[in-house]
Amino acid sequence: MPHDDHHDDHRHQIPPDPALRVKALETLLSEKGLIDPAALDAIIETYAEKVGPKNGAAVVARAWTDPAYLERLRADATAAIAEFGFGGRQGEHMVAVENAPGVHNVVVCTLCSCYPWPVLGLPPVWYKSEAYRSRVVIDPRGVLGDFGLTLPEETEIRVWDSTAEIRYLVIPERPAGTEGMDAEALAGLVSRDAMIGTAVVEAPA
Amino acid sequence: MNGPHDMGGEQNYGPVRPEPEEPIFHAEWEARALAITLAVGAHGRWNIDMSRFAREALPPALYLNSTYYERWIAALEHLMVKHGLLTAEELSSGRPDGGAKATPPLVAERVPEVLATGGPTSRPARRVPQFGVGDRVRTRNLHPATHTRLPKYARGKTGEIVLAHGPHVFADASALAADAPAEPLYAVRFAADELWGPDARFRGSVTLDLWEPHLERT
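Residue numbers (this note's numbering), protein chains in the order written: chain A, 1 to 205; chain B, 1 to 218.
Derived by calculation from the structure, the hints in this document are not laboratory data.
There's no promise every hint is true.
Below are the DMTMM-like pairs computed for lysine to aspartate or glutamate, each with C-alpha atoms no more than 25 Å apart in a straight line [as the list claims (entries may be wrong)]:
{"#": "1", "chain 1": "A", "residue 1": "LYS32", "chain 2": "B", "residue 2": "GLU109"}
{"#": "2", "chain 1": "A", "residue 1": "LYS23", "chain 2": "B", "residue 2": "GLU77"}
{"#": "3", "chain 1": "A", "residue 1": "LYS23", "chain 2": "B", "residue 2": "GLU28"}
{"#": "4", "chain 1": "A", "residue 1": "LYS128", "chain 2": "A", "residue 2": "ASP41"}
{"#": "5", "chain 1": "B", "residue 1": "LYS152", "chain 2": "B", "residue 2": "GLU109"}
{"#": "6", "chain 1": "A", "residue 1": "LYS54", "chain 2": "B", "residue 2": "ASP199"}
{"#": "7", "chain 1": "B", "residue 1": "LYS82", "chain 2": "B", "residue 2": "GLU70"}
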């Protein structure tokens with residue numbers, strides 16, 4: 001190690017069109033019996049249609065409205081999230097980090113793209129981008145500015161770099177003026193970005 | 001490995017550009033690339049840390065010039081040849097070499113169960129952990145030529161343990177060999193000015209998950 005044999009074939013050629021390359025690979029793997037194309041469809045259906053940030057929003061809204069649930073979430077977020085039936089791949093070990101007056105959390109994976117799939121779905125392109133991964137640990141206020149978010153100067157910013165298999169879910173602050181709303185209505189206010197930490201939750205106008 | 005993937009604190013990559021109403025996949029091939037990677041991974045010839053290492057080990061210029069799923073596919077092709085699922089000739093010709101047809105380990109019916117189970121990395125404790133919450137620790141100055149989860153920007157820095165996660169499979173070792181031992185894992189918080197000195201432009205901290213072999217007592 002590392003890799004005397006590694007990737008030299010790529011160094012002297014222009015990568016082929018990825019759509020053709022992936023199609024050829026899928027065909028080859030199917031002909032060899034190494035993959036079941038129907039399993040690919042099932043995987044894609046899961047992340048395209050079933051798993052997404054609505055899951056995380058339900059967890060956040062419950063944490064806002066049910067103090068006993070919030071305690072369980074603090075004690076063991078993986079178990080508390082599993083109460084909704086959410087868990088598994090890329091969410092095996094969950095930790096919830098709570099925003100509070102004067103404290104704002106934001107999550108990144110500087111080394112790759114680690115992200116809590118069972119509660120947020122697959123990560124957006126910006127989360128995986130060089131710009132976000134490089135800059136949010138050294139200039140989080142600048143990054144939040146790219147999202148149109150300006151926090152008070154005195155706010156403490158806690159960046160979480162997901163360097164292991166622990167996945168972090170930001171619990172945003174519940175906005176003022178939402179006292180009359182139930183959990184379902186509240187969940188509708190919680191965006192994906194608010195659960196990563198690049199947005200806050202606003203009360204409905 | 002000190003490579004372009006380890007980009008925390010790098011500069012000049014420009015602004016972050018959120019995409020309104022972003023689709024989950026920007027092209028059908030991206031969805032297939034994700035699904036092929038998961039389905040081939042079910043053969044169990046390599047683990048997720050080996051996958052990550054293979055992506056990081058792409059030549060730096062290729063890494064930076066590739067989109068996310070292009071990296072996945074390039075790494076997957078490498079792993080399949082290295083671990084004997086395909087030959088280089090099959091990969092370049094696109095035609096099977098005529099051997100017996102295999103049985104896929106992941107069939108559609110099992111997908112929900114497999115995704116819902118995932119691959120937990122926590123392991124039973126083998127010994128008393130060396131550190132606990134509240135301890136001050138310093139990260140070691142390590143530059144392995146292999147996979148590591150201790151990023152460059154956090155080496156040789158002093159921080160405080162804020163969470164003790166218990167023993168988890170040690171990714172640095174797991175990327176090199178199956179059945180690597182677990183090591184105690186901690187969330188370690190570093191003040192912004194400890195990491196960035198006078199150029200820290202925010203009040204706050206960065207917290208990383210680091211294993212005991214990354215850490216030493218202050």
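**Item:** Ascending list of hint numbers which this structure does not respect
**Value:** 5, 6
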